[in-house]
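Trainee: Sequence:
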Amino acid sequence: MTNLPEREADGSERRVAPRVRTLKRAKILFNNHYSTFDCIVRNISSTGALLAIDEAAHLPKVFDIIIGEEKVERPARLVYR
4 MTNLPEREAD
14 GSERRVAPRV
24 RTLKRAKILF
34 NNHYSTFDCI
44 VRNISSTGAL
54 LAIDEAAHLP
64 KVFDIIIGEE
74 KVERPARLVY
84 R
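Offset between the sequence shown (1-based) and our numbering: plus 3.
Hints listed in this document are in silico derivations from the structure and should not be mistaken for laboratory results.
Errors might be hidden in some of the hints.
Listed below are the simulated DSBU-like cross-link pairs for lysine-lysine, each with C-alpha atoms no more than 30 Å apart in a straight line [what the hints assert, rightly or not]:
hint, residue 1, residue 2
1, Lys27, Lys64
2, Lys64, Lys74
3, Lys74, Lys27
4, Lys74, Lys30
5, Lys30, Lys64
Simulated restraints, written as ranges between beta carbons of each label pair [stated by the list, open to error]:
hint, residue 1, residue 2, range
6, Arg18, Ser38, 15 to 23 Å
7, Lys27, Tyr83, 14 to 22 Å
8, Ser48, Glu72, 29 to 37 Å
9, Arg77, Pro21, 16 to 24 Å
10, Asn34, Arg84, 16 to 24 Å
Virtual Cβ for every residue (Gly too), placed ideally from N, Cα, C.
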C-alpha cells in the first residue's frame with residue numbers, strides 16, 4: 004500500500020504528502036479477518052505507506068491494516084508491488 008509519485012525528469016519525486024521513515028509493526032487483515040499477515044511499515048504519510056512483507060505473501064487488492072500500538076483498523080488498497 005503505497006502511493007508512488009511520478010518521477011520528474013531529474014529523478015526527483017513528487018509526493019502528495021511527505022513520507023516519514025519508521026519501523027512499526029503492523030498486521031494486515033483480509034478474507035473477513037480469517038487471514039492475516041504480519042509486516043513492517045518502512046515509511047508512512049497521510050496518503051500511503053511502504054510495507055515490508057514476506058515475498059511469498061499474496062495480498063489482495065483491498066485489505067485492512069492495524070499499524071503499531073494504536074490498534075485502529077484502517078482500510079487500505081494495494082497500489083504497487
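Trainee: Verify the proposed pairing of Lys64 with Lys74, using a straight-line Cα cut of 30 Å.
Mentor: Holds. Lys64 to Lys74 sits at ~22 Å (cutoff 30 Å).
Trainee: Do Asn34 and Arg84 keep their Cβ atoms within the hinted range of 16 to 24 Å?
Mentor: holds (18 Å)
Trainee: When you take the CB atoms of Lys27 and Tyr83, is the distance between them in 14 to 22 Å?
Mentor: holds (19 Å)
Trainee: Confirm or reject the claim that Ser48 and Glu72 have a C-beta distance inside 29 to 37 Å.
Mentor: violated (19 Å)
Trainee: Taken at face value, is the distance from the CA of Lys64 to the CA of Lys27 at most 30 Å?
Mentor: holds (22 Å)
Trainee: So if I understand the rule, the pair passes when the alpha-carbon distance is 30 Å or less; does Lys74 with Lys27 pass?
Mentor: holds (12 Å)
Trainee: Verify the CB-CB distance for Arg18 and Ser38 against the hinted window 15 to 23 Å.
Mentor: For Arg18 and Ser38 the Cβ distance comes to about 31 Å; the hint is violated.
Trainee: Confirm or reject the claim that Arg77 and Pro21 have a C-beta distance inside 16 to 24 Å.
Mentor: holds (19 Å)
Trainee: Between Lys30 and Lys64, does the CA-CA distance stay at or below 30 Å?
Mentor: holds (16 Å)
Trainee: Compare the distance between the alpha carbons of Lys74 and Lys30 with 30 Å, and conclude whether the hinted pair is satisfied.
Mentor: Roughly 10 Å between the alpha carbons, so the hint for Lys74 and Lys30 holds.
Going down the numbered hints, you'll see the structure goes against 6, 8, while the others check out.
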